[in-house]
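**Student:** Take a look at the letters that make up each chain.
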Amino acid sequence: MKASSKRAVTTIAAAGISIALLVVGLVGGYYAAIATTSPKIVEKTVELPTQTIKIGMTISKSGPFAPLDSDYDKFNKAWQDWINGQNMVIANKRVKFEVTSLDDSSDAAKAVQLYTRLATQDKVDILVSPYSAFFGLQLIPIAEQNQVPLIMAEASTATMWTAGNKWIMTSMVPYWEKGLNGWSATYFDMLEKNNWPKTIAFVGWDIPWAGDDHKSSVALAQKMGLQVIYDVLLQPNFANPDFTAQITALKGLNPDIVYLSMFGPFSAQFIKQANDQGFRPKEWHSIEFGAAFLPTLGSLANGVTSEIFWTPNFSFYQTDIFKQLLNQAGMDWRVWQWVELRMIIFQMIVQAVQDSAIRNPADSFSKASINDALHKLQMMTISGPLIVQSPGYGTVGLVPIQIQNGNIVTIWPTNLADATYVHP
Amino acid sequence: MAAAPPLAELVLNSLLLGGIYALTSLGFSIVFRVVGILNLAHGDLVMVSGLFAYLVFTSDLMPFTIRLLFVILLIPLFAAFGLAFERVLIRPLLRKPPNEALLSSVLVTLGFSLVLQDVWANSFGTLQKSITSESLGLPIITVAGLTVASSRLLALLFIVIASILLFVFVRKSYVGKAMRAISQDREAAMFLGVNLPNTSMITFGLGTSLAAVGGILLVIIQSVAPFSGLPLTVKALAVIVLGGTGSMIGPLIGGIALGSAETLSAFFIDPYWSPGIAVIILVAVLLLRPTGLVRR
Chain Y
102 MKASSKRAVT
112 TIAAAGISIA
122 LLVVGLVGGY
132 YAAIATTSPK
142 IVEKTVELPT
152 QTIKIGMTIS
162 KSGPFAPLDS
172 DYDKFNKAWQ
182 DWINGQNMVI
192 ANKRVKFEVT
202 SLDDSSDAAK
212 AVQLYTRLAT
222 QDKVDILVSP
232 YSAFFGLQLI
242 PIAEQNQVPL
252 IMAEASTATM
262 WTAGNKWIMT
272 SMVPYWEKGL
282 NGWSATYFDM
292 LEKNNWPKTI
302 AFVGWDIPWA
312 GDDHKSSVAL
322 AQKMGLQVIY
332 DVLLQPNFAN
342 PDFTAQITAL
352 KGLNPDIVYL
362 SMFGPFSAQF
372 IKQANDQGFR
382 PKEWHSIEFG
392 AAFLPTLGSL
402 ANGVTSEIFW
412 TPNFSFYQTD
422 IFKQLLNQAG
432 MDWRVWQWVE
442 LRMIIFQMIV
452 QAVQDSAIRN
462 PADSFSKASI
472 NDALHKLQMM
482 TISGPLIVQS
492 PGYGTVGLVP
502 IQIQNGNIVT
512 IWPTNLADAT
522 YVHP
Chain H
20 MAAAPPLAEL
30 VLNSLLLGGI
40 YALTSLGFSI
50 VFRVVGILNL
60 AHGDLVMVSG
70 LFAYLVFTSD
80 LMPFTIRLLF
90 VILLIPLFAA
100 FGLAFERVLI
110 RPLLRKPPNE
120 ALLSSVLVTL
130 GFSLVLQDVW
140 ANSFGTLQKS
150 ITSESLGLPI
160 ITVAGLTVAS
170 SRLLALLFIV
180 IASILLFVFV
190 RKSYVGKAMR
200 AISQDREAAM
210 FLGVNLPNTS
220 MITFGLGTSL
230 AAVGGILLVI
240 IQSVAPFSGL
250 PLTVKALAVI
260 VLGGTGSMIG
270 PLIGGIALGS
280 AETLSAFFID
290 PYWSPGIAVI
300 ILVAVLLLRP
310 TGLVRR
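The listed protein sequences correspond, in order, to chains Y and H. So for the first sequence, our numbering puts the first residue at 102; every next one is plus one. So for the second sequence, our numbering puts the first residue at 20; every next one is plus one.
Which residues of chain Y face chain H? A few of them, derived with a C-beta cut under 7 Å, are:
#1 164
#2 167
#3 333
#4 343
#5 345
#6 349
#7 379
#8 392
#9 397
DMTMM-like, lysine to aspartate or glutamate: derived pairs with alpha carbons at most 25 Å apart:
#10 Y:178 with H:137
#11 Y:279 with Y:293
#12 H:254 with Y:307
Note that these hints are calculated values from the structure, not bench results. We treat Cβ as the ideally placed atom computed from N, Cα and C, and that holds for glycine.
Please work from the sequences and hints to get the whole structure.
**Tutor:** Structure below.
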């Protein structure tokens, strides 16, 4: 063998040995690293103390409100499973969320008893109100006396925010206002731009939420120059109400728009009965379209306008997660119309716990600190930006929708609309 | 406020509302008069019948005529259920003294009412169920300027036919005469050989079949829901108090009076106070005629 060939073989052998050593070193180092670091991670996981944030609420699983919110229980469960699967660590603690929901049987007195129990015996960290402002109003003293933050879910009315209450807040705009924040402010804005109706009639239920919407919308209609030719508030009647008298009166007046401020299933009842009496205005507007609204009306629902805080074409924050949770819960957002407010509340709670840890490291998880954080929230939600105002109400408003061929489409404002408003 | 009142239409719709009140009260009333108990589950039976009618009507598996046949079949099925219900749950109570039997029946039927509500809510959801006239192919018709859904007219016709049949049955048949005899004087009827247990059972079956008719009409005209039964029972109670428990036509008159009072006062006086006005009428009738509008 020639000397040059020998050198070449030696060089190749040396290179091969070097590479082999390098590979052995790297693999060995990798396994050594795993062997030394893994136990530390496990050790760290075990070492982190767990902080459980207890959220308490009632849901009307029976009684007249059951068609409107009985399935929120399923959404709570889906959210709880998802959030606890995120392994959140806040202020060096592993934070778990525990949602307790009891059945108030649509009975305000029972709700008061159960919230007292949640605040005093179960010692929850945060309370979430049940459906309707009428119930919410009666729960405020429990929150104030026991100093537990109470987030108003689908419950808000003017008097809640003027009494100097310190422990309540909501995501929603002050929708009783007669200006920009009114429940149907964007709807009337849209009507003004389209400029087709001349007359409007109002029929509503005299309960805090519906009454607030009714009054603010009458003012908005007058402000945009519509002639209000009928305006009645009725006593609520949950047992198959009959609207013969109102429909007969409306037939004689023939308004362009009939604005219904009552719970969705009863608005559907009104529209159905009006159809049976041969009355169809140019447009029905219902402040709620959830529960059995669509199945009750079938094709009669086409063209009806309404409002909502969220539709699937919104893309602000955690929209995909919200859709995923709805799927897991087996819930249809068109039926459980206000379930988006539940998601917003959970977003508020997570954000407030995080903010509390930053603002008040020494006392991150106390009710007072979380309450303070909830009152100072500035965050993004599935429905857009939320800034909690000093009285406790928020900035999340509604957008007009229309039922077109059985689908619910967003028709205003133009940057959020996914369909064109159909009108005469 | 309103233009010239289309009185005829208002009256027609008042009659229809009153008719529904009457029909749902009729079954409740005969059970109270003959069996001597208050069936607080009556409204829930109306609701459950409406639910079944809804499920059959909205099923795409059968042609419409077959579906209609199945819905009509609900009436004898409910009658059979009523017979069984009386035999199993009510008959044991009737062995007690009348006052105790009445009190016990309130507890038993209220418990049954709650069971029906929960079973429904858990099995079929809490949402209201309703059928539009259009989905049944029943058009809105206008006759002499009077617009009304043909479903409502059919309902009114059905109520009239059911009332006439019931009236004839009670007047002409042996069982009907036995029912009247028991409602007038239970002990005398027994001495005269009336079979009290059997008559009670048949009466309960009849009352339940009337609940079935009410439910079928209610799901077409208004809606049914799991938790709406009890308020309907309370309404039925008001109707029989108003009409009087002394005769078969008492609930018919009471139902029409209440329906008309609610509708006409809402139109001519103030819709907000309409429920209150109905209560005032009820109290006034009780003060002036403590036995109700129709005397025995």
